Structure formats: C-alpha cells, structure tokens
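Chains as they are written, first to last, in this note's numbering: chain L, 1 to 241; chain X, 1 to 658.
Hints are computed from structural coordinates only; laboratory data are not their basis.
The structure displayed is predicted, hence computed values, not measured ones.
Check before you lean on any hint, since a few could be wrong.
Chain X stretches covered by chain L per the calculated footprint, using a threshold of three residues with CB under 8 Å from any CB of chain L [what the hints assert, rightly or not]:
# : stretch
1 : 421 to 435
2 : 507 to 513
3 : 579 to 589
For glycine and all other residues, C-beta sits at the position ideal for the given N, C-alpha and C.
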Amino acid sequence: MSAGAGLLELQDVHAYYGNIRALKGVSLSVSRGEIVTLIGSNGAGKTTTLRTVLGTVRPLRGSVTFGGRRIDRVPTHRIARLGIAQSPEGRRIFAPMTVLENLELGAFARADREAIPADLERVLALFPRLRDRLQQKGGTLSGGEQQMLAMGRALMARPEMLLLDEPSMGLSPILVETIFGIIRDINRLGTTILLVEQNARMALRVAHRGYVIQTGRIVLQDAASALLHSDVVRKAYLGEK
Amino acid sequence: MSDPGRARPLPAALLVTALVAYPFLDRWLQAQTVHAVTDAMIYVLLALGLNIVVGYAGLLDLGYAAFFAIGAYTMGLLNSPVLGSPLYGHAWSFWVVIWIAALVSAGLGVVIGAPTLRVRGDYLAIITLAFGEIIPVAIRNLGDITIDIGGWRPVERLNLTGGENGVNPVGRPHLPGVNFDTDFIPWYFLILVIGAASLWAMNRMRDSRLGRAWMAIREDETAADCTGVNPVKTKLLAFGLGASFSGFAGSFYAAKLQAITPGAFEFNVSIMLLCMIVLGGMGSLKGVILGGMLITLFDRILLAQLTFLVRWIGRSLGVAALASVDLTLWRWFFFGLGLVVIMLIRPEGLVGRRVRSPAADVDEREEALALVTAPPRPRAEALPVWLRESTAKRAGAAPALEVRGLTRRFGGLIAVSEVDLVIPPRGIVGLIGPNGAGKTTFFNLVTGLLRPDRGEILVDGASVVGLRPHAIVGRGIARTFQSIRLFQNMSVLDNVLVGEHCRLRASVAGAVFRPPSVTTEERRARSRAQEMLAFVGLADKAGEMAKNLAYGDQRRLEIARALATEPALLLLDEPTAGMNPRETDSLTELIGLLREEIGLAVLLIEHHMEVVMAISDRITVLDYGTRIAEGTPAEVRRDTKVIEAYLGKGYEQELASP
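Could you put together the complete structure from these sequences and hints?
And the structure:
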C-alpha cells in the first residue's frame, strides 16, 4: 500500500481491545473528500479501528497518520483539535446538559467563533427534531434522538474528517434514510468520512470505497459498488441466502 | 460455576492445624502476639460484615462503626454492674447477650437502611456518614440522663452508656474450666469459632438466591428490579445481615477489653474497615480477611517492631532523631501511602475479583464459521420442558395485556397520550414509530418503572397499575432493554439464575442451613438455567462473565434471563439493534418459535422492518405519544400517515431492491 497518499493512513496496525487481540495488522487509507466504509460482523475490530485513530486505544505496532503526521502517540484531545471528530461514540452525550449546550460544546475547540451560529443553524436544519428539544436535557432524549445529538455535536466541531460508528443503529427507517442522506451532504460540503456500519447495504450505497474486516484483518477492499455485488459480502453481510 | 468456597481437603487441614497450633507456638516462643491477632480478628469480622453491604450489595456505607458500637454497648448495658444490670439485679450471661447484640444490630441496620433505600452512591454515603457520627455523640450524651421508670423498680436514675467515661468493667464470659481472666488463648479460640461460623454463613449466603440478588442490585438495580428482584427487601437484608455480624464483633470486643469508651467507634474506624475491604478486594471473602489482617497487624505489631529497629539503628549510628523516633505516630501516613500504592498497582485489591482476564485471541475459526453458517438456529426440541409447562399454565383466555387510555407527561411534554393496545393470548404485536415517539416510555409504564398519569393496564384481567417492577415480573411480564443491561460482573449462568429469582423460595435461613428443600430447589434452578442457556446457544459460555460475551450473545443472554422469569408476555426493546442480518434472522426465528411452541405473547419495539412485518400479527404505530395507526402489517405499511412519519417513501423501494 502506498504510504502518505491519503488523508488518513493506517499501516499494519496491531492493537488489543481489553483482553482481546482485536487488530492484527490493519492497513487502510482514506483520501481527502472520500467516504470510506468499514464493514464486518460484531467483534471483527471495526470500533477498535476507529479507536486507534482517535487514540483511545493505542496500537502495539504499526502507525496511524493524519494529514501526513503521525498521530498514534498524540493525546486524544490533541487529535480532536487536528480536525477529527467521532460520532456517535456509543451515544455518549452529556446527559445533564441541554441539547443546545451539548451542541455548543461540540464547537468548544474552534477558533472561528463567529461562524458557530451559522453552523448551529445548519445542524438544526439537518436534524429538525433537535430544534424542538433545544432546552431539554440530553439525558431525557430517546435513544434515536441521542444518536442525532451526538452526530450534530460532532458536526459542530466542523471537522476535516468525521468518524461515524454505526450512525443508523436504533433509528427508524425514515431516519436511516435521512441519516445516510445527511452523510452524503456532509461529504459534499467537504468533510472526509470513515463510516463503520452494521447496515452494510446502506453503507456501501453511500460510500466510494469499502473495506471488509474479519477477526482483526482486512480481508477485502474494493470500490463500494463492486463490494455490494460481491458474493462474499452478499452472503456474509447482506443476509442473502 | 466452580464454588470457590469449597476448599480442597489438604490445604484446609493444614490451615486448621496452623490456626490451632499458632497460640501455643506463640507462647512457646514468647512472642506475645496472640492479643494483637485476636484484636485483628475482631476487625476482620467487622470488615466481613461490611463486605456484605459494600462488596456484595454495592451500597457504600461510611458509618459502619456505628453498628460496632451498638454491639459493644448492648454487651455493656446488659453485662456490666455499672450500667443497666441494676435493672435486673444481676448481669446477664455473655453467651446470651452476644446473640441479643447481633439481633439489636441487625434491627438497627434495617431501621437505618430504610430511609436510605431510595438513594445510592454519594447520597447514600453521606447518610451513612451522618449515622456514623450520630451514634458516638448519642452514646456520649446518654450517660447522664435520668429515666424515670416508675415505682415498680427501685431505680430512678438509669445510666445508659456511661457517657464520656464509657463502661468499665464489662463482664467476661464464663465457661467451666476455661480461664478467660488472665489468658488470651481462650479469647483467641472464641473469636476463631465466631469468625469461622460467620464465614461459613457468609459463604453460603453468597452462593444462594440471596447472594445473587445482592450482586444483581450492585450491578444494575433497575435491571434487577425488572428481572423480579425486590430491591427494597434485598437491600434491607444486606443492611440487616451485615450489621448483625458487627453485633457479634462489638459484644466480643467489649467483653475482651473489659471496658468500652465512645472514642473506639469514631469515623476513622469506619474508614479503616472500608480500607480493609478495598485493599483485600471488594466482594472477596479471602481478600477481606487478608486486608483486615494486614492493616491491623501492621498497626499493632509491625510498626512497634520497626520503631525498635529504627531506634536501635539510630543509637548505633548516633543519630538522635532516629533514636527517639516513634513510628506508631506515623501510622496514618504509612497506611495512606500503602493504600495509594496498592490501588495504583492492583486496583481490584490483593485478592479481588479479577478485573482483567488473561489476553485472548479472537477465535478465528469460530468467527469464520459464524459467517458461513448462520448463528445457532433455535430448535423446538431444545426448548426447556419446564418453560413449556409454566407458560402453558399462565396462558389464559384473557388478553395477555390490555392497555386503555394510557397517558404520561414529563413536565409539559406528553410522552404517551391516550394509548390503547391489546395483546391477545399468543399474540405478537409490533410497536413502531419515530425515534422519541414514546415507545420505550410505554414499555416503562407497562413494566412499572414509571407510573401512568391516567389509564388502565390489565394483565390477565387484573390491573397492575401501581405495582413495583419486580411484582409485575411476578405477574408474568418480562422485558429486555434497548441498551443491553446485563449483570456485567456476574457469570452468564448467574444472570439466568437471577431471572429465576422470583420463582424460587429459599429464605435467609434456608440459604445458610440448606435444608433438603433448598438444596433441591437450587439444583433444579441450576439445571433449568443450563437448559435455558443450551436453548439460546450459550451452553458452553455458562461460566464466563457476562461482559466478556460478544454483542449478539449478550442480546441472547438478556432474552434468556427474561425467559427464566417464566413470563406469559415478553417485551422486547429493539432486540436486533446492532445485529448483523444472520443474527437478526435467527432472533426472528426464536421469537416465532416461542409463540408457536409455548404460546408466549410478545410486544416488540423494532426498527428492522423485515423483522416486524414478518412476525407481528398486528402493529401499533406511535408518533408524538399518540397512536396514529393500528392494524395488520399489510395495512400499516400502506398507511400514508405511517409512511410519512416513519417508514419513508424509500421504504417500498427498499423492500423491492436486493
């Protein structure tokens, strides 16, 4: 794999998650402006891959570079400031704070304060449901609404790159559609996206390229449309008999 | 699960020999440590009692020394010539009072526990802290009080506690041929017997229906409540039983010391006891014993010896500062330092439950297999017979659930408004709607976690409004949670056993003495749990910690735990969220199978339309808390309101496309 070509590069990353050797030499690259999806079953190492990017799990071996800079030893909060945001992080919203405060916190590290109101408006346009609940405490939202809030909060950071961990989980069909539409919109506005999804069909439809991960190894990579029609993926991840 | 309390015969025999030989060896060597070791054992017994409250039930108690005081003063009051004994003209026997002390402590444990039931964590800690402060103050001030007990007794002034001066002397135990006056060895053996008996009882309690309930409360109180464990009763039992052991320790302490003063029961004692537990390993009996011994003996023996050593070094080297040092004055310094170090190196304590299990590889073969073949397919033959029978017994002609006009507000927000829903016997009803439409709130109302503002909830024809969640489980309604809520630090088997809790009968006494009825019940419960695990395909993972299971396995375990409560109606909150298509298929089959085979009624919240549409008889659609549609899957999916609010226009295409 060519090094240094992509915005985000993982080279031969090995990592433990808890007591499980979760990644065994994962290499992947995401170019500027792309949507790349990482699909695989539960426990294959999808979330661990995202965590090594953000630095909440440290690779034992291998490297993670972002914009040409090694980040696998950089503290997590600094990585966030480099322009990577993650959502929904297992819906980890700030429960005792209002929806508005949660969203404002997303913009905490930004220097361009004057652009924030416009971004807030943009996020609320994407998620009208949140507008109805701006003064409600985050913890009183339903599961799906918390999902939206976490995603909105990540967008408030106006990240260069967005890591999405199962954004469609627990959402109604219409919202799943909306969310994938939003993912496409965000991408068109210039944000590079690495998308981890259980809903492989939807993910492969919006993504440009895809990787298939199994037991901590990348076993397949191709253009998303090619993966969507490959036998292995159809059998193992799309539930076709 | 292997029983860690069941010792291997040889080490056990060695241990007993060592414990029996120790005081005689000590005398022979003239080491004079028996006195200190006996005191250490008192604190170990206290720490073991506190361990029930903190380690098992997970209730942080900062005022446990109060129960120690109550035990000691009960002995003082009833067995000392200076206090209450004038009431009766003579002191009561030690052998009687020690039981009274345990009962009084247990009773006060329940009384103190009662107001703290609603609070947890920080609030509970503060309340117990206050209680721990109140008791010594009360003891100091009750010494000078005049109680007029009327003309029927020749006593006008009754000194309850001796005030600041305390009680001196306190009567000793009497046993023919045993010298409790000048010899420490009988005291040693007496506390050894009390301690061993307490340990035996605690060990049995832990491995019982009650012990599992404590741990379930510790892990997740809401989930425990919704699995049929009565949290009020369970917590009060923890407070009461935990306190009873301090009654023994306190009364023994008073009799051995021959004197008690209020200063011996201050806040720092509570903290030291807590440190013993944390140091040794919360919830581990061996750990607590080790922690208790280390801390007390360090204080009583090691520091004194070290002082001699350092002084000797100081004299030899001619350093005046060292020659006159008294390390015992530094005890809290060493104590704190040691605790910091241990917590950094081994946060789970010296013998604690292992937080980190050894490194493991993902089982590649297993996962590869899971991808090619579907996950374990539910089979009708594997369905436990007992489940078949129990559900058959419950299934009546009345609807499994009948909800009329259910309404609940949160402040100005109407979460659920005038919702009607009927689940016929053996029915599977889907509950769908946009995120935030009130579906989970509806579940919480039906399961008793929330009280409705208005409306009726009838189960099998009888209203369950106002019942606590565990009582509703008893009526035959079980549930799972949207975000999985297992008892993470309990084994897979124990998780299912907690599910059976509400169908088991063993009492506290039964758990300790294990009469044949209890042994049989427990054996049957375990084999039932094993059958249940086999049915959901987790038989080979029975001994693993729930938190170590893969995601799909955790979902299935939660369903197994719910089924173990022997429900007539199962409420599933997004059971296939986060599952891959194959796991989803297998779960759909499982739900269908349960209905076909045992007539289990199901209410299902789900966003995977292929699941809901395939297995629901009827579907209710909520939006903004109100029912916007109700009908068969075919009717609902054509409903324009439902398409607009929930399914989306792309849904039809989605169904048609590959």
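Hint check against the structure, violated hint numbers in rising order: Hint 2 alone not satisfied by this model.
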